[in-house]
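Take the given structure of chain A and dock chain B to it, following the hints.
From first to last, the protein sequence lines stand for chains A and B. Counting in this note's numbering, the first sequence runs from 115 upward without gaps. Counting in this note's numbering, the second sequence runs from 3 upward without gaps.
The set of hints was computed from the structure by calculation and includes no laboratory data. We put the beta carbon where it would ideally sit given N, CA and C, even for glycine. Warning: the hint list may mix true and false statements.
Stated by the list, open to error - Residues of chain A clear of chain B, computed beta-carbon distances all greater than 10 Å: (1) 126; (2) 194; (3) 375; (4) 431; (5) 465; (6) 486.
Stated by the list, open to error - Derived lysine to aspartate or glutamate pairs resembling DMTMM-like cross-links, with alpha carbons at most 25 Å apart: (7) 176(A) to 192(B); (8) 71(B) to 125(B); (9) 496(A) to 531(A); (10) 176(A) to 36(B); (11) 496(A) to 591(A); (12) 176(A) to 187(B); (13) 568(A) to 47(B); (14) 168(B) to 125(B); (15) 568(A) to 470(A); (16) 496(A) to 519(A); (17) 568(A) to 59(B); (18) 568(A) to 51(B); (19) 568(A) to 222(A); (20) 568(A) to 36(B); (21) 176(A) to 176(B); (22) 168(B) to 127(B); (23) 71(B) to 59(B); (24) 176(A) to 222(A); (25) 71(B) to 133(B); (26) 168(B) to 146(A); (27) 168(B) to 169(A); (28) 176(A) to 38(B); (29) 168(B) to 133(B); (30) 568(A) to 38(B); (31) 568(A) to 442(A).
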Amino acid sequence: MTAPQAPAPTHAPRTLVEKIWQHHVVRPASADAPAILFVDLHLVHEVTSPQAFAELAARGVKVRRPDLTVATMDHSTPTTPRVNGHHVALSDRLAAAQLSRLEANCREYGVPLFPLGHDRQGIVHVIGPELGLTQPGMTVVCGDSHTSTHGAFGALAFGIGTSEVAHVLATQCLLQAPPRTMEVRVEGRLGYGVSAKDLILGIIAHIGVAGGAGHVMEYTGPAIRALDMEGRMTICNMSIEAGARAGCIAPDEVTFEYLAGRPYAPRAAQWIDAVERWRELRTDVGAHYDRTVSIDASELAPMISYGTNPGMAIPVTGRVPEPRVAADEQQRATLERALGYMALQPGQPVLGIPVDVVFLGSCTNARLSDLRAAAGVLRGRKLAPNVRMLVVPGSQQVKRQAEAEGLDAVFASAGAEWRESGCSMCIAMNGDQLAPGQYAVSTSNRNFEGRQGKGGRTFLASPLTAAATALRGVITDVRTLA
Amino acid sequence: MDPFTSLVSTAVVLRVDNVDTDQIIPARFLKITDRDGLGPHAFADWRYDASGTPRADFPLNAPGAGDAKILVAGRNFGCGSSREHAAWALHALGIRVIVCPSFADIFRNNAHANGMLPVALNEPEHALLLDALTHNPALPIAVDLASQSLTAAGLHCTFSIDPFAKHCLLRGVDTLGFLLAAAPEITAYEASHHAPVCCT
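Okay, chain A solo, but in the shape it has when bound:
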């Protein structure tokens, strides 16, 4: 639905999250049951929805609000460049069956779908914002953990499992316990060559991969205000990698400017009303967070992961940590296991490590500004001969905009592959994957064992670091490129 009303003057100070939460309570929590919470926007994709639609069919229930539901195909879709405007046929029988199932379900239940080949197709967390579907004050859910991305607009947005996808399809509601709140205050400003990706990797390294568990993280402070919407999406996207239930940023003029004129954004008088309501979506002075952490953006260098979870990240100029200095036995074992998988030595500098593949893509970093940043590094240069670089725009719209700016030509003349939109090598379900033992610098969000292909080894980094690494063929500090 729409944003919360302005609080009555007598209201106790509330956080942004509390305001959104309270506006969406259909039935308050009781001693017997959690609250029933209304969902404004339900995003659906092929991988986590078929069993949920089957549940509706088994009960003879319809989708309650197909008008608040939008589907696309992204996870298992091929990104192989089209031939004469046509997608290559899917060689994967299971993936093809999953895509046809989504198409059939959307047709049967009246859910709008942006299928493979549609000019609005793309990664679900890229198209929601770019189409103006995602708006401040909304509750947004999807059967995908990176739904936290949409929190960048001052929405309460979180991933759910397939059973809950069925709940939302059938009732437009979820049973939810209220989250705790955590302020992540970011002072200072990001330095040269340091981006939103480096900031969120720095935050996760600081608080840990379970540091946000049970909480919605609200990012505040001057370094957050200075980010554009795409940078804010990168930050909120990876909140789940800190274990948070969601991440969010209060909307401001940057948000409104981004949304104005988008296909599904309000227009004319409705736009003016909406912006007025959205301006109330901020944490009141004196409101209480359950927890607050603070970080200084000015002290950050470009970050890179070295291990097998996103919290294992260091400045690109740093050295692989020594397991012997771990806080306890279990953490030492975890670190040893990670370094064993990555085939890295304790104390080894990460700069100069050779890589086989560079992946520029994913719901974290495949928007226009990400492609521009990488193209800026690659313009007029050639990739190192040992490197394969895949550039996978987050959506068809991003792809078209990039092509209008000539970015595709920059990537192609550098020797990189310019591909169709989708999740691609972030999750390696569609055939885009690492071979066992290969190293990749990836702009995606997860460096888990095998995430980018069985036996593949991932270094997570920013688009700038990825591009610099593609040029040199070894992990490179973008700030040192002439």
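Okay, now just chain B, sitting in the frame of chain A:
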């Protein structure tokens, strides 16, 4: 959903923190359109070698592991992807209880939705349980949801659980049915709030 009340079982021990759902069920197995058949693929990349042969040193491949209904693992179990396939895969292995110091939020919900009980023990008690299992890998462990207790040899621990999740597990409550029964309130909410954005 089948109810969960109590069980007595041996355990499989996975001494790893931050077991992510990509390990529990790798993404290449997510192309199914039903919930079935994931058991053989659970922990596929840890469980089998490159030729597909079970690794002798992986706990799930140990003799008797197939009978265990309890999985004991490290902190922040089930982190990462929201894929409910992780819960389905563990369920297909016969696992009904997972005992860890902490769980990722979405995985906990997914486990509850499939009649499985995540038991979060405090770190010292979790360590004592691991010690006991080191001495006796065949140690029977009793888990009782009504009393929120776990008992193994001389160890007796209690654990907390969301009261509604407990209620649903004990009685096998159909949570979708519960929500569908709230339709009048949902209709009233929809009527009293601003017109939604249009997605069509």
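Checked hints:
Non-interface call for residue 126(A) relative to chain B: holds, since the shortest CB-CB distance, roughly 22 Å, exceeds 10 Å. Chain B leaves residue 194(A) outside its interface by the beta-carbon criterion, the shortest separation being 17 Å against a cut-off of 10 Å. Every CB of chain B lies more than 10 Å from the CB of residue 375(A), the least distance being 15 Å, so the non-interface label holds. Separation of residue 431(A) from chain B is adequate, the least Cβ-Cβ distance of about 26 Å exceeding the 10 Å criterion.
Residue 465(A), annotated as away from the interface, keeps every beta carbon of chain B farther than 10 Å; the closest lies near 26 Å. Here residue 486(A) stays apart from chain B, with its beta-carbon at least about 29 Å from theirs, past the 10 Å limit. Between residue 176(A) and residue 192(B) the CA atoms are separated by roughly 17 Å; this keeps the pair inside 25 Å, and the hint holds. Simply put, residue 71(B) and residue 125(B) have alpha-carbon atoms about 22 Å apart, close enough for the 25 Å limit, and the pair holds.
Using a Cα cut-off of 25 Å, the hinted pair residue 496(A) and residue 531(A) holds, with the two alpha carbons roughly 12 Å apart. Proposed proximity of residue 176(A) and residue 36(B) is supported: the alpha carbons are some 19 Å apart, at most 25 Å. Among the hinted pairs, residue 496(A) with residue 591(A) is consistent with the structure: their alpha-carbon atoms are about 17 Å apart, no more than 25 Å. Under the criterion of a C-alpha separation no larger than 25 Å, the hint pairing residue 176(A) with residue 187(B) is consistent with the structure, at around 18 Å.
Our distance criterion of 25 Å between C-alpha atoms is met by residue 568(A) and residue 47(B), whose separation comes to about 7 Å. A C-alpha spacing of about 22 Å is found between residue 168(B) and residue 125(B), which places the hinted pair at or below 25 Å, so the restraint holds. For a cut-off of 25 Å, the pair hint linking residue 568(A) to residue 470(A) stands: about 15 Å separates their Cα positions. At roughly 19 Å between alpha-carbon atoms, residue 496(A) and residue 519(A) fall within 25 Å of each other, so this suggested pair holds.
In summary, the hint linking residue 568(A) to residue 59(B) is supported, as the alpha carbons are separated by about 19 Å, within the 25 Å threshold. A threshold of 25 Å between alpha carbons decides the hint, and for residue 568(A) with residue 51(B) the separation of about 11 Å falls inside it, so the pair holds. With a C-alpha separation of about 36 Å, the suggested pair residue 568(A) and residue 222(A) falls outside the 25 Å cut-off, and the hint is violated. For a cut-off of 25 Å, the pair hint linking residue 568(A) to residue 36(B) stands: about 24 Å separates their Cα positions.
Taken as a hint, the residue 176(A) and residue 176(B) pair is honoured in the structure, with Cα atoms around 17 Å apart against an allowance of 25 Å. A C-alpha spacing of about 21 Å is found between residue 168(B) and residue 127(B), which places the hinted pair at or below 25 Å, so the restraint holds. Taking the CA atoms of residue 71(B) and residue 59(B), the gap is near 20 Å; set against the 25 Å cutoff, the hint holds. For a cut-off of 25 Å, the pair hint linking residue 176(A) to residue 222(A) stands: about 9 Å separates their Cα positions.
Restraint check for residue 71(B) and residue 133(B): the C-alpha separation of about 19 Å stays at or below 25 Å, so the hint holds. A hinted pair counts as satisfied when its Cα atoms are at most 25 Å apart, and residue 168(B) with residue 146(A) qualifies at roughly 11 Å. Proposed proximity of residue 168(B) and residue 169(A) is supported: the alpha carbons are some 23 Å apart, at most 25 Å. This hinted pair checks out: residue 176(A) and residue 38(B) have alpha carbons roughly 24 Å apart, not beyond 25 Å.
Pair hint residue 168(B) plus residue 133(B) does not hold up; C-alpha atoms about 28 Å apart against a cutoff of 25 Å. Distance hint between residue 568(A) and residue 38(B) is fulfilled; the C-alpha atoms sit about 22 Å from each other, no more than 25 Å. The suggested pairing of residue 568(A) with residue 442(A) is violated, with an alpha-carbon distance near 29 Å, which exceeds 25 Å.
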